[in-house]
Structure formats: structure tokens, C-alpha cells
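*Asks:* Sequence:
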Amino acid sequence: MATRDVSAQSNIHVMKTEPDGSFKRQASSFRDVIERGGRYEPESDRYHLYVSYACPWATRTLIARKLKGLEEFIPVTVVSPRMGAHGWPFASADSFPGADADPLYGSEHVKDLYIKADPNYGGRFTVPVLWDKKNATIVNNESSEILRIFNTAFNHLLPADKAALDLYPEELRGEIDSLNEWIYPDINNGVYRAGFAQSQAAYETAVHEVFDALDKVEKLLAGKDYLVGDRLTEADIRLWVTIVRFDPVYVGHFKCNFRTIRDGYPAIDLWLRKLYWNSDAFKSSTNFDHIKTHYYWSHSQINPTRVVPVGPIPVIRPL
Numbered sequence: 001m002a003t004r005d006v007s008a009q010s011n012i013h014v015m016k017t018e019p020d021g022s023f024k025r026q027a028s029s030f031r032d033v034i035e036r037g038g039r040y041e042p043e044s045d046r047y048h049l050y051v052s053y054a055c056p057w058a059t060r061t062l063i064a065r066k067l068k069g070l071e072e073f074i075p076v077t078v079v080s081p082r083m084g085a086h087g088w089p090f091a092s093a094d095s096f097p098g099a100d101a102d103p104l105y106g107s108e109h110v111k112d113l114y115i116k117a118d119p120n121y122g123g124r125f126t127v128p129v130l131w132d133k134k135n136a137t138i139v140n141n142e143s144s145e146i147l148r149i150f151n152t153a154f155n156h157l158l159p160a161d162k163a164a165l166d167l168y169p170e171e172l173r174g175e176i177d178s179l180n181e182w183i184y185p186d187i188n189n190g191v192y193r194a195g196f197a198q199s200q201a202a203y204e205t206a207v208h209e210v211f212d213a214l215d216k217v218e219k220l221l222a223g224k225d226y227l228v229g230d231r232l233t234e235a236d237i238r239l240w241v242t243i244v245r246f247d248p249v250y251v252g253h254f255k256c257n258f259r260t261i262r263d264g265y266p267a268i269d270l271w272l273r274k275l276y277w278n279s280d281a282f283k284s285s286t287n288f289d290h291i292k293t294h295y296y297w298s299h300s301q302i303n304p305t306r307v308v309p310v311g312p313i314p315v316i317r318p319l
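Just so you know, we're using the UniProt record's numbering here: the sequence shown kicks off at 1 and counts up by one.
To be clear, the hints were calculated from the coordinates, so they are not data collected in a lab. Fair warning: there could be bad hints in the mix.
[Said to hold, decoys possible] Mimicking BS3-like on lysine-lysine, the simulated pairs with C-alpha atoms at most 27 Å apart in a straight line are:
1. LYS219 <-> LYS255
2. LYS224 <-> LYS133
3. LYS66 <-> LYS224
4. LYS134 <-> LYS162
5. LYS274 <-> LYS162
6. LYS116 <-> LYS133
7. LYS162 <-> LYS116
8. LYS66 <-> LYS274
9. LYS219 <-> LYS283
10. LYS216 <-> LYS274
11. LYS66 <-> LYS283
12. LYS216 <-> LYS134
13. LYS255 <-> LYS216
14. LYS283 <-> LYS216
15. LYS283 <-> LYS162
Using the sequences and the hints, build the whole thing.
*Replies:* This is how it looks when you write it as C-alpha cells:
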């Protein structure tokens with residue numbers, strides 16, 4: 001089969017906008033699941049996870065993988081945060097500290113994996129990538145679905161305590177889904193809609209929605225450690241990955257500067273810091289050097305000098 005010409009995607013981090021200047025995120029393309037009796041059986045060391053520490057969506061999957069004790073089942077490869085003309089590079093193409101080489105195929109960029117999985121692929125080359133070594137293809141590249149795969153697919157192979165951890169419990173799913181319905185568009189993707197807006201009106205609409213939603217979250221977290229049911233759920237993971245990037249990146253780079261989290265939202269800030277300092281799954285999945293470098297270096301249409309700010313100091317406050 002002839003390999004598709006990918007030259008049209010050389011500048012693959014240019015974001016799609018609507019006629020009014022508002023940012024529109026493209027949907028993920030690979031949406032299979034790992035399940036017993038299916039094409040993708042749960043097996044140890046059959047799957048591989050490709051991530052960027054910089055990417056909030058990829059960080060969701062890292063946190064879930066650690067919480068569920070899947071480190072020995074699913075190895076991880078981390079790309080460089082400096083996403084350039086060919087997208088996310090491996091260490092072989094950009095030896096940034098903390099980046100890895102691709103141990104499976106020696107790929108130079110994440111896009112090489114997509115073309116290996118589908119020579120005619122026409123979408124964006126995003127992370128995370130959940131890869132199946134047996135079939136040499138991508139199982140899933142949608143972080144919210146990978147999070148749920150990790151939550152349940154390997155339970156029968158895990159120790160009892162890890163299997164018992166349920167990030168999407170049946171009795172809380174309605175509440176979790178309800179939160180996701182507005183936290184994703186208004187906060188997780190809202191900061192991007194503000195940051196990548198190409199008109200004043202689109203930016204102002206998005207940034208007001210971001211802070212209106214943060215105001216709602218602040219009330220929800222007042223006196224609480226978790227968003228739902230007094231226990232850690234996927235709702236916390238999904239929100240946290242945006243909040244931990246807010247002061248270091250989104251306040252300045254994406255112009256979400258009504259307030260910082262640390263000085264404007266005491267309940268959210270305490271929730272953020274408790275998860276970071278008390279849970280290694282959150283702390284070890286967070287690399288602020290990768291986070292700040294990626295946004296300020298890679299989005300040259302927003303920051304053409306590629307100068308990376310030194311602050312905030314500290315990047316996250318102690319408890």
C-alpha cells in the first residue's frame with residue numbers, strides 16, 4: 001500500500017478556527033477498547049503508552065496508570081515537549097531532558113506511529129497514543145477513553161487493592177458525567193479556546209466562560225477534598241490536569257488572567273496542592289519544565305520569541 005503524502009500536515013500544531021475566530025478541537029480518530037474476548041485482550045506488556053508530560057490529556061492517562069498499578073503491564077515512552085514542524089519528537093529527533101527514544105520502532109516523531117498504524121491517516125498526530133504491539137497499531141488516542149480502559153480492563157490481573165480502586169463508580173457516574181459536560185468545554189478546552197482565539201470577540205467569550213466555570217468549581221470544592229462523593233474519581237483527574245497548568249501557563253500564555261488559582265481560588269488551590277503533594281500518581285506525572293517549555297516554545301504563533309518564563313515561583317506552593 002502506498003504511503004500517504006504527509007507534507008500537508010508539516011505544520012501540524014496550527015490549530016483549526018471557525019470563521020468567527022473561535023478555536024475548534026478535532027475529534028480523536030482511534031476509538032477501540034481493551035476488553036476480554038475482544039480484538040484487544042488485556043495482557044501484560046502487550047500495550048505501550050506514548051505521552052507528553054506537557055499535554056494535559058496525556059497526563060490524565062499517566063495518573064490513571066499509576067493509580068491502578070499498571071506500570072508493569074503498560075510501559076511508557078515520553079516525547080520531547082518541543083513540538084515543531086513535524087509534531088511531537090522523540091529523543092532521537094530532539095534530546096530534551098526527560099524525553100525518551102521510541103523503544104519499539106526507533107520512530108523520530110509521533111506521526112511515524114500514526115502512519116505505521118494507517119498509511120492513509122488524515123488527522124492530527126496527537127498524544128496520548130495507546131499502542132498494541134501485537135497488531136502494530138493504535139488502539140485508542142482519546143484520553144478520556146484510555147482513562148476508563150485503565151480503570152477496568154486489567155482488574156482481573158491486578159492485586160485486590162488496585163482492582164478495587166474505581167475511578168468511575170456506578171453510583172457516581174451520573175454526577176461525574178454531569179460535571180464533565182461543562183468542565184470539559186468551559187475549563188479543560190476553554191483555556192485553549194481563549195488562548196487560540198483569533199478574534200477579540202471569540203477570546204472574550206471563551207475567557208469569561210473559563211472563569212465563570214472556575215467560580216462554580218470553587219463553590220463545589222469549598223470544604224471538600226474531592227469533586228464527587230468524598231472520594232477520588234476521574235472527575236478530579238480530568239479537572240486537575242488543567243488546574244496544575246493554569247498559573248504556570250494559561251494565565252500568561254493563553255491570556256486567562258482574571259485571577260490566578262493560588263491567589264483567586266483558595267478551595268481549588270488547596271485541592272490542587274493536596275493531590276500533588278499527597279499522591280505520587282499526580283506528582284510524578286507532572287513535569288513543569290516540559291509543561292512550560294512546550295507551550296511557550298511550540299506555539300510560536302502566540303509566542304514568536306519562544307522565551308520561556310521563569311515563574312511562577314514556586315511553580316506550585318507547598319501545603
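*Asks:* None of the hints should be skipped; say for each whether it holds.
*Replies:* Hint check:
For a cut-off of 27 Å, the pair hint linking LYS219 to LYS255 stands: about 23 Å separates their Cα positions. Among the hinted pairs, LYS224 with LYS133 is inconsistent with the structure: their alpha-carbon atoms are about 42 Å apart, more than 27 Å. Of the pairs offered as hints, the one joining LYS66 and LYS224 holds, with about 23 Å between alpha carbons and a cut-off of 27 Å not exceeded. This hinted pair checks out: LYS134 and LYS162 have alpha carbons roughly 26 Å apart, not beyond 27 Å.
Taken as a hint, the LYS274 and LYS162 pair is honoured in the structure, with Cα atoms around 21 Å apart against an allowance of 27 Å. As the CA atoms of LYS116 and LYS133 are separated by approximately 12 Å, the hinted pair is consistent with the 27 Å bound. Our distance criterion of 27 Å between C-alpha atoms is broken by LYS162 and LYS116, whose separation comes to about 34 Å. For the suggested pair LYS66 and LYS274, the alpha carbons sit about 17 Å apart, so the restraint of at most 27 Å is met.
For the proposed pair LYS219 and LYS283, the alpha carbon gap of about 25 Å is at most 27 Å, so the pair holds. Distance restraint check for LYS216 and LYS274: the Cα-Cα separation of roughly 20 Å lies within the 27 Å cut-off, and the hinted pair is therefore satisfied. A threshold of 27 Å between alpha carbons decides the hint, and for LYS66 with LYS283 the separation of about 11 Å falls inside it, so the pair holds. Simply put, LYS216 and LYS134 have alpha-carbon atoms about 45 Å apart, too far for the 27 Å limit, and the pair is violated.
Annotation: proposed proximity of LYS255 to LYS216 holds, straight-line Cα distance about 20 Å (limit 27 Å). Pair hint LYS283 plus LYS216 holds up; C-alpha atoms about 25 Å apart against a cutoff of 27 Å. Our distance criterion of 27 Å between C-alpha atoms is met by LYS283 and LYS162, whose separation comes to about 19 Å.
Comparing the model with each earlier hint shows violations of hints 2, 7, 12; every other hint is respected.
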